[in-house]
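J.: Taken in order, these protein sequences are the chains called W and D.
Read in the working numbering, the first sequence has 180 at position 178, and its numbers run on one by one without any break.
Read in the working numbering, the second sequence has 383 at position 184, and its numbers run on one by one without any break.
One should not assume that every hint holds.
As the list claims (entries may be wrong) - Sample of chain W residues facing chain D (criterion: CB under 10 Å; computed from the structure):
id	residue
1	I65
2	A122
3	E126
4	A133
5	E137
6	G143
Hints listed in this document are in silico derivations from the structure and should not be mistaken for laboratory results.
The beta-carbon is built from N, C-alpha and C at its ideal position, and this holds for glycine as well.
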Amino acid sequence: MTVGLSLERIGRTLRERLYGLFYGLGYFFNVLKESILFFKRRQVGFRVLVMQILFTGYEALRISAVLALAIGVAINLIGSSLLAGFGQGKLMYTLLIIVVTRELGPLLTAFIVIARSGTAIATELGGMVVAHEIEAYVAVGVNPITYLAVPRVLGVVISMMVLTVYFNVFGLFGSFAVMQLLKPVAFQEYMKNLVEVLTVGDLLLGLVKSLVFGVIISVVSTYRGFAVERSTTEVPVAGIRAVGTSFILCIVADAALTAVLYLG
Amino acid sequence: MGDEPIIELRGVGAHRGGFQILREVSFSLAEGATTVFMGGAGSGKSTLLKAAAGIVVPDEGAVFFRGKDLSRMSRAEELEFHRRSGFVFQDAALWANQSLYDNLALPLRLHEHGLSAAEVGRAVARVAELVGYSEELKARPSELSTGERRLIGLARALVLDPELLFMDEPAAYLDETSAERVFEIIASLGARRRSVAIVSGSSEIAHRFADSLGVLKAGRLLAFGSYAEAVRWDDPAIRVVTGRLRARKGPVQGDAALSAWADALAGSLGEEAPPAPARPPDRAAGERSEAEAPPGPADSGGSDQGGPAADIDEEGR
Numbered sequence: 003m004t005v006g007l008s009l010e011r012i013g014r015t016l017r018e019r020l021y022g023l024f025y026g027l028g029y030f031f032n033v034l035k036e037s038i039l040f041f042k043r044r045q046v047g048f049r050v051l052v053m054q055i056l057f058t059g060y061e062a063l064r065i066s067a068v069l070a071l072a073i074g075v076a077i078n079l080i081g082s083s084l085l086a087g088f089g090q091g092k093l094m095y096t097l098l099i100i101v102v103t104r105e106l107g108p109l110l111t112a113f114i115v116i117a118r119s120g121t122a123i124a125t126e127l128g129g130m131v132v133a134h135e136i137e138a139y140v141a142v143g144v145n146p147i148t149y150l151a152v153p154r155v156l157g158v159v160i161s162m163m164v165l166t167v168y169f170n171v172f173g174l175f176g177s178f179a180v181m182q183l184l185k186p187v188a189f190q191e192y193m194k195n196l197v198e199v200l201t202v203g204d205l206l207l208g209l210v211k212s213l214v215f216g217v218i219i220s221v222v223s224t225y226r227g228f229a230v231e232r233s234t235t236e237v238p239v240a241g242i243r244a245v246g247t248s249f250i251l252c253i254v255a256d257a258a259l260t261a262v263l264y265l266g
Numbered sequence: 200m201g202d203e204p205i206i207e208l209r210g211v212g213a214h215r216g217g218f219q220i221l222r223e224v225s226f227s228l229a230e231g232a233t234t235v236f237m238g239g240a241g242s243g244k245s246t247l248l249k250a251a252a253g254i255v256v257p258d259e260g261a262v263f264f265r266g267k268d269l270s271r272m273s274r275a276e277e278l279e280f281h282r283r284s285g286f287v288f289q290d291a292a293l294w295a296n297q298s299l300y301d302n303l304a305l306p307l308r309l310h311e312h313g314l315s316a317a318e319v320g321r322a323v324a325r326v327a328e329l330v331g332y333s334e335e336l337k338a339r340p341s342e343l344s345t346g347e348r349r350l351i352g353l354a355r356a357l358v359l360d361p362e363l364l365f366m367d368e369p370a371a372y373l374d375e376t377s378a379e380r381v382f383e384i385i386a387s388l389g390a391r392r393r394s395v396a397i398v399s400g401s402s403e404i405a406h407r408f409a410d411s412l413g414v415l416k417a418g419r420l421l422a423f424g425s426y427a428e429a430v431r432w433d434d435p436a437i438r439v440v441t442g443r444l445r446a447r448k449g450p451v452q453g454d455a456a457l458s459a460w461a462d463a464l465a466g467s468l469g470e471e472a473p474p475a476p477a478r479p480p481d482r483a484a485g486e487r488s489e490a491e492a493p494p495g496p497a498d499s500g501g502s503d504q505g506g507p508a509a510d511i512d513e514e515g516r
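Could you build all of it, start to finish, from the sequences and the hints given here?
T.: Structure below.
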């Protein structure tokens with residue numbers, strides 16, 4: 003009897019998980035399709051898109067710049083003292099490119115976006131569900147995915163890519179400016195060494211990662227927001243889940259992309 | 200009454216959070232008639248209305264608008280359905296991040312591409328006046344009282360002069376004057392042969408407006424029939440919900456001024472009025488007859504002519 007009940011429970015859980023997985027995949031492809039059609043649609047939320055870029059991209063510039071500068075300066079300091087001690091001073095530039103452009107830059111930008119916009123999107127949409135605002139959109143014929151999800155997805159993706167470029171600029175060049183106050187380096191020498199190790203592939207990988215992270219964060223956050231059913235207490239939970247899932251998926255995607263690059 | 204119902208539900212069931220909200224609900228709404236659904240708290244009234252309006256997708260069964268399955272409609276057909284129907288939410292459900300003006304203008308901007316900004320402005324002002332809201336429309340919904348929000352919610356549902364209006368507890372949270380205004384609008388819609396579906400716990404609304412009445416309990420449609428039949432329903436389980444319904448003495452009267460407003464709105468939207476269906480029997484007669492056929496068992500889950508559903512009784516409700 004107990005074994006039967008346990009098996010039944012396992013079966014039910016498995017069925018629910020599978021249903022959730024397929025529902026999530028269906029949502030993802032729906033958002034993808036609507037994103038492609040976004041600019042053709044008449045009922046498009048251009049205003050929502052602009053506001054999302056303003057909030058996710060523009061308003062995050064300062065924190066992104068501070069983080070990029072701090073990391074760039076730290077690598078510069080470590081490189082110019084520790085690595086130089088082993089006669090490997092030039093490795094500092096390779097390290098700078100790997101950390102700022104390829105690895106930490108996109109990931110830290112993703113963390114900033116998750117913390118600021120992921121939670122905001124999930125809780126805002128969740129609040130709208132509870133207040134029946136989403137149903138009101140459906141009632142007048144507005145597709146919530148087209149009008150509410152897609153502009154947010156596009157806004158987050160565009161912002162992620164712009165923020166990553168911004169992070170690179172501040173991490174690679176801004177840190178040079180700060181270094182002039184701490185441990186001056188000749189500009190020409192710095193640039194020459196940097197350009198020697200920087201490849202288009204490094205920049206592209208950073209952009210590809212930011213694109214993937216942007217899609218993950220925005221799709222997960224809108225999905226979690228729409229998944230709220232009826233209670234206001236579900237709204238903060240949706241925010242927490244959006245953050246948790248986005249963190250995990252971004253880290254997994256980062257590892258996968260890095261593995262593809264280094265093993266491929 | 201036209202042959203084809205404007206809305207038909209066939210075996211509709213809905214679940215939420217592991218609970219069954221609706222169970223095998225079937226009925227049809229006649230064109231040009233006002234149908235009132237009554238039921239206690241948690242009986243599934245609002246979900247039923249949302250399923251009929253295409254807002255909630257049923258887990259079982261299907262909803263048809265003039266014979267077309269909502270779930271099989273193309274995007275264009277779906278848009279057309281929403282243009283021809285309006286929904287009044289129990290809690291108004293106004294878009295909090297938009298002004299009242301934008302709340303009212305969005306349906307016009309979405310469906311009436313030919314309208315200039317000035318024409319949209321005129322239509323918005325007219326519909327706000329209709330519901331008796333005379334304050335500034337630049338405000339946000341959060342600045343309004345619950346009653347005012349409900350009036351704006353009603354105005355939003357009416358702004359496209361819909362052929363079919365769904366109303367969830369239309370008089371809830373309203374003061375007496377506003378409630379009376381809403382009642383006048385419902386009567387006016389009825390007089391203009393608009394189809395109206397109302398869910399309400401108030402037998403007063405049923406008494407004043409219902410051409411047909413449905414009774415819900417625990418997600419099941421216990422009974423569905425004309426008001427004249429409903430007056431004679433004597434099943435205690437139904438009586439508990441409906442109270443003692445009174446026979447109506449006169450026809451439902453529409454407000455002439457409100458009808459004139461609605462015609463003007465339809466004109467400004469460049470529409471022709473929908474074909475006027477034949478008068479529902481009760482209204483055509485001018486008063487409710489109580490000596491018609493005795494209440495018979497509804498078909499599986501009810502029909503637009505059925506009485507209390509005997510077969511549901513057998514399922515041990």
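J.: Each hint: holds or not?
T.: The hints, checked one at a time:
1. I65: violated (25 Å)
2. A122: violated (13 Å)
3. E126: This interface hint holds because 9 Å falls under the 10 Å limit.
4. A133: Check passed: Cβ of W:A133 comes within 6 Å of chain D, closer than 10 Å.
5. E137: Check passed: Cβ of W:E137 comes within 5 Å of chain D, closer than 10 Å.
6. G143: Cβ of W:G143 sits 3 Å from chain D, so the hint holds.
The structure fails to meet hints 1 and 2 from the earlier list, while all remaining hints are met.
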